[in-house]
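*Asks:* Protein chains in written order, with the UniProt record's numbering: chain L, 1 to 237; chain P, 1 to 300; chain W, 1 to 105.
Just to be clear, a hint being listed does not mean it is correct.
[Said to hold, decoys possible] Derived BS3-like pairs (lysine-lysine); straight-line CA-CA distance at most 30 Å:
1) L:Lys-164 with P:Lys-184
2) P:Lys-96 with P:Lys-184
3) P:Lys-96 with P:Lys-236
4) L:Lys-166 with L:Lys-155
5) L:Lys-155 with P:Lys-275
Don't read these hints as lab results, they were simulated from the structure.
What follows is each chain in one-letter form.
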Amino acid sequence: MTPAEILDSLFPAGHDVTTDGDLLFGRARFGDGIVHVVGATGRAPIGIDQAIRLSAAVLQIASSDDAAPILFLVDSASQRMSRRDELLGLSEYLAHLAKSLLLAEARGHRTIGLLYGGSAAGAFIATALACGTLVALPGAHPEVMDLASMARVTKLPIDVLEAKAKTTPVFAPGLDNLVSVGGIATVWDAGTSLADQLQTVLATPRAGDDRATLGAERGGRPAAARIAGAVATAAQG
Amino acid sequence: MSNIRQSWYEAGARERIAALVDPRSFAEFVGPECRETSPHLGIFNLPAQFDDGIVVGSGSINGTPVLVAAQEGRFMGGAFGEVHGAKLTGLLRAAKALGRDVVIAFDTGGVRLQEANAGEIAIAEIMRAIVEARLDGVRVVGLIGGRAGCYGGGGLIAGCCSTLIVSEQGRISVTGPEVIETNKGVEEFDSRDRALVWRTMGGKHRTLIGGADVFVDDDAAAFRAAATAALARPAKFDAATLAAEQARLERRIARFGDMSDATDIWHALGINDPKAIPDMPADAFATLAAQYRESADDAR
Amino acid sequence: MEILHFDIAAPMPAGGTRKMALVGVVASGNLEVLVERGDAADRCAIEISTAAHGFRDLWDAVVADFVGRRAAGGLRIAINDGGARPDTVSLRLAQGVRLIEEPEA
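Please construct the entire structure, taking both the sequences and the accompanying hints into account.
*Replies:* Structure, rendered in structure tokens:
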């Protein structure tokens with residue numbers, strides 16, 4: 001689905017979301033209230049120039065008292081890989097964007113990531129994965145690193161990696177694998193009303209970071225919830 | 001402690017913790033005897049390590065109780081796997097519950113590719129846990145000066161800390177030099193040009209642009225002293241903090257966004273002889289930096 | 001991974017009271033050695049996990065040399081091997097035994 005199709009299905013009562021290059025900003029009417037919309041679209045990399053505009057928008061929403069949810073549409077590449085972005089401290093810009101989303105959430109705005117295309121590596125962490133709830137549309141294709149690059153770094157032939165990817169969801173790219181490790185809460189049905197599915201998410205209160213528990217239930221991340229719990233228990237013992 | 005200077009760069013994770021905390025104060029959580037190793041490395045016929053490359057526990061620094069974590073950069077490049085990441089997440093959640101400050105000695109290449117999806121989510125969980133602890137008034141102090149630097153998701157986690165202490169060796173970046181070169185070509189970044197790597201990502205540059213707060217020599221005692229001071233700073237994290245960070249990051253792009261090399265930025269900061277910076281001894285550099293640098297002023 | 005087990009007579013009992021000692025890291029050409037107290041004071045149990053398959057005889061020789069020369073009785077030793085040479089293995093084993101005899105730091 002295109003961003004326009006997604007927004008039309010999500011917000012039949014209308015919206016004023018506008019594009020600014022590969023970014024989206026705006027608001028929409030939803031039920032009795034509104035939903036804030038930000039987006040990183042067009043399969044574009046996220047560098048310092050994109051991150052700082054997204055964080056500005058998120059912080060402005062965070063400082064408002066409307067307690068309206070933020071919907072973050074994501075179809076990006078990885079972080080921008082350039083000498084200039086690293087020279088100027090890309091890690092700070094991406095962390096700042098993530099912190100802005102987490103602050104908005106702490107101040108009463110539900111943050112919902114909607115992954116409808118790609119995202120990868122640091123860009124994925126700073127956008128979709130920094131939201132309180134992450135949902136995806138079928139066909140979304142998140143990845144930490146593509147298999148070809150992974151083959152270079154691990155010095156394993158790509159066909160060996162492809163064979164291993166069939167036996168475990170823990171390393172290979174793809175929506176099913178990210179669902180299995182608990183990174184994505186739900187995959188929506190593109191054939192029915194997205195508004196109804198968003199309403200369902202908003203009607204379900206969020207109780208802490210449950211991604212490790214989901215990963216254990218789904219089998220993709222067997223140890224994380226247990227280990228984090230064991231450390232936290234030992235520290236408070 | 002002895003009077004012999006101990007290199008932070010050369011030390012392992014356990015030696016760094018021993019140098020940081022008060023003698024006999026450290027208690028490890030889920031230590032190597034628990035044998036909580038990676039469930040995934042065997043798929044790649046890679047040997048596990050009993051602590052999965054991170055040591056977490058409690059101790060005191062100059063009598064102040066803290067939670068402490070140290071990554072082992074020699075094992076899998078200090079990368080975040082499922083267990084490795086979960087140990088840090090658990091520690092940070094305890095920090096929030098206890099209202100106790102945390103010191104993290106980073107030494108990481110980022111996500112461990114053999115368990116990339118688990119590592120990626122772990123980084124997101126850690127960042128959330130840091131922010132939730134900081135919102136409750138917990139300090140999270142990051143120390144960066146190890147072999148592996150602080151790359152990938154490690155750089156994003158560092159960006160969530162309340163104070164960052166770096167040595168010259170403490171490189172902070174998202175994409176590493178080799179990965180930029182592989183993806184974008186040697187014209188974009190020549191990863192074999194070590195001087196370029198250091199001045200683009202190293203501790204001196206990060207200190208000068210406000211990406212790090214305190215510059216120290218490659219000396220474990222200096223890291224300990226700086227951590228002690230950081231733990232005494234006000235713990236503030238709220239909307240005003242992030243508004244100030246937004247402003248300083250916007251200002252950085254406005255001031256330096258058209259510059260292509262660190263030496264141009266250092267010159268723009270008012271430093272007359274930027275080419276002398278890389279070879280400058282730590283104390284001389286710290287004095288110079290104090291005069292010319294863009295301080296983050298706790299806006300992080 | 002290949003897992004090797006040795007449980008052999010160790011005439012010299014280990015000293016000290018420390019429960020556990022850890023030396024080395026898992027890296028190319030290196031290994032970690034976790035030393036703990038076992039059951040029988042005259043035995044030494046060693047478990048090795050290594051990615052380098054087919055070197056049982058070499059490990060056998062290194063282990064036999066170790067228990068013959070060091071106070072390894074009553075110890076339970078676990079090794080994660082990153083492809084270390086025999087001299088490195090011997091060094092780490094000696095360091096592990098020495099560390100577990102030291103007072104708690």
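*Asks:* For every hint, state whether the structure bears it out.
*Replies:* Hint check results:
no., hint, in the structure
1, L:Lys-164 with P:Lys-184, "holds (28 Å)"
2, P:Lys-96 with P:Lys-184, "violated (41 Å)"
3, P:Lys-96 with P:Lys-236, "holds (14 Å)"
4, L:Lys-166 with L:Lys-155, "holds (19 Å)"
5, L:Lys-155 with P:Lys-275, "violated (37 Å)"
Checked against the numbered hints given earlier, this structure breaks hints 2, 5; the rest are met.
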